[in-house]
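Q: Sequence:
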Amino acid sequence: MGKDKVENEDLIRHGFPEDVWFHVDKLSSAHVYLRMPESMEWTAIPDGLLEECSQLVKANSIEGNKKNNITIIYTPHANVKKTGDMAVGAVSFHNDRLVKRFHVKERKNEIVNRLNKTKEEREVDFEAERQERERAAGRKKKEHALQQKKETLEAKRQYKEQAAAKDYSYCACSVTHAVFSDEAIAEAQREKQRQARIHAAQKQTAGEATKSDEEDVYESDDSFM
Numbered sequence: 001m002g003k004d005k006v007e008n009e010d011l012i013r014h015g016f017p018e019d020v021w022f023h024v025d026k027l028s029s030a031h032v033y034l035r036m037p038e039s040m041e042w043t044a045i046p047d048g049l050l051e052e053c054s055q056l057v058k059a060n061s062i063e064g065n066k067k068n069n070i071t072i073i074y075t076p077h078a079n080v081k082k083t084g085d086m087a088v089g090a091v092s093f094h095n096d097r098l099v100k101r102f103h104v105k106e107r108k109n110e111i112v113n114r115l116n117k118t119k120e121e122r123e124v125d126f127e128a129e130r131q132e133r134e135r136a137a138g139r140k141k142k143e144h145a146l147q148q149k150k151e152t153l154e155a156k157r158q159y160k161e162q163a164a165a166k167d168y169s170y171c172a173c174s175v176t177h178a179v180f181s182d183e184a185i186a187e188a189q190r191e192k193q194r195q196a197r198i199h200a201a202q203k204q205t206a207g208e209a210t211k212s213d214e215e216d217v218y219e220s221d222d223s224f225m
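Heads up: the sequence shown begins at 1 in full-length UniProt numbering, then just goes up one per residue.
The hints are simulated quantities; they were obtained by calculation from the structure and are not laboratory data.
For clarity, every value in this text was computed on a predicted model and none was experimentally measured.
Certain hints may be false.
[To be verified] Computed spacing ranges between beta-carbons, pair by pair: (1) 95 to 48: 24 to 30 angstroms; (2) 38 to 118: 20 to 26 angstroms; (3) 146 to 123: 47 to 53 angstroms; (4) 148 to 113: 29 to 35 angstroms; (5) 152 to 69: 52 to 58 angstroms.
[Unchecked claim] In silico lysine-lysine, DSBU-like type, Cα no more than 35 angstroms apart, as pairs: (6) 26 to 140; (7) 160 to 141; (8) 140 to 166; (9) 66 to 119; (10) 81 to 100; (11) 82 to 140.
The beta carbon of each residue, even a glycine, is placed where N, CA and C say it ideally should be.
All chains should be modelled from the sequences, with the hints used to inform the complete structure.
A: Now the structure itself:
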């Protein structure tokens with residue numbers, strides 16, 4: 001929060017993209033900025049936090065602090081418009097549709113007093129602060145890019161391993177199938193040869209049995225005679 005209209009000008013020039021600007025609607029007041037964490041969207045600021053920022057703006061408005069049922073407006077810092085012909089501390093908006101409103105029924109001293117206890121006044125080098133923010137954003141962007149590259153390389157490595165394992169499995173199955181086929185053929189040949197020997201042996205045995213039968217008949221005939 002700027003303590004006067006001159007500091008408000010510095011805040012307008014050096015606000016961060018994640019800052020949200022608060023002001024009493026249609027009355028003069030301090031410019032209050034909420035610097036949001038990265039996980040928070042400006043359209044989804046919790047009501048409790050909106051209440052605190054709005055009470056702080058109301059308490060730092062000469063007219064607004066005396067009135068009940070006032071409206072607090074807020075919008076992203078990027079939507080705050082400042083041109084050279086405007087008075088010191090005065091602003092407008094690039095897009096009115098990006099301006100939201102929060103109703104404050106009355107001043108809540110318990111909130112204002114709690115916030116005042118945590119108030120810290122300090123001189124800020126806005127340009128140096130912004131440059132450091134940009135360097136930090138650059139480092140984070142670089143780290144994110146390196147992490148994405150690492151994940152991409154890891155995904156490619158896993159894909160190659162899976163593809164190699166699939167090819168090996170296919171080759172192993174093919175070799176096993178080929179070996180099994182050769183063994184089956186050899187076994188079939190051996191079985192065929194064995195069956196041929198059995199058949200030959202049976203044929204030979206049958207021939208001897210026939211000859212023996214013929215000799216028995218002759219003997220019978222001879223004996224009969």
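Q: For each hint, tell me whether it holds in the structure or not.
A: Hint check results:
A hinted range of 24 to 30 angstroms for the beta carbons of residue 95 and residue 48 is consistent with their spacing of about 27 angstroms. For residue 38 paired with residue 118, a C-beta distance near 22 angstroms keeps the hint of 20 to 26 angstroms intact. Between residue 146 and residue 123 the Cβ separation comes to about 37 angstroms, which falls outside the hinted range of 47 to 53 angstroms. Checked against the hint of 29 to 35 angstroms, the pair residue 148 and residue 113 fails, with Cβ atoms roughly 47 angstroms apart.
Our hint of 52 to 58 angstroms for residue 152 and residue 69 holds, since their Cβ atoms are close to 56 angstroms apart. For a cut-off of 35 angstroms, the pair hint linking residue 26 to residue 140 is broken: about 40 angstroms separates their Cα positions. Our distance criterion of 35 angstroms between C-alpha atoms is met by residue 160 and residue 141, whose separation comes to about 29 angstroms. For the given pair, residue 140 sits about 39 angstroms from residue 166 by alpha-carbon distance, which is inconsistent with the 35 angstroms threshold.
This hinted pair checks out: residue 66 and residue 119 have alpha carbons roughly 22 angstroms apart, not beyond 35 angstroms. At roughly 16 angstroms between alpha-carbon atoms, residue 81 and residue 100 fall within 35 angstroms of each other, so this suggested pair holds. At most 35 angstroms may separate the alpha-carbon atoms for a hinted pair to count; residue 82 and residue 140 meet this at roughly 30 angstroms.
Checked against the numbered hints above, the structure violates hints 3, 4, 6 and 8; every other hint is satisfied.
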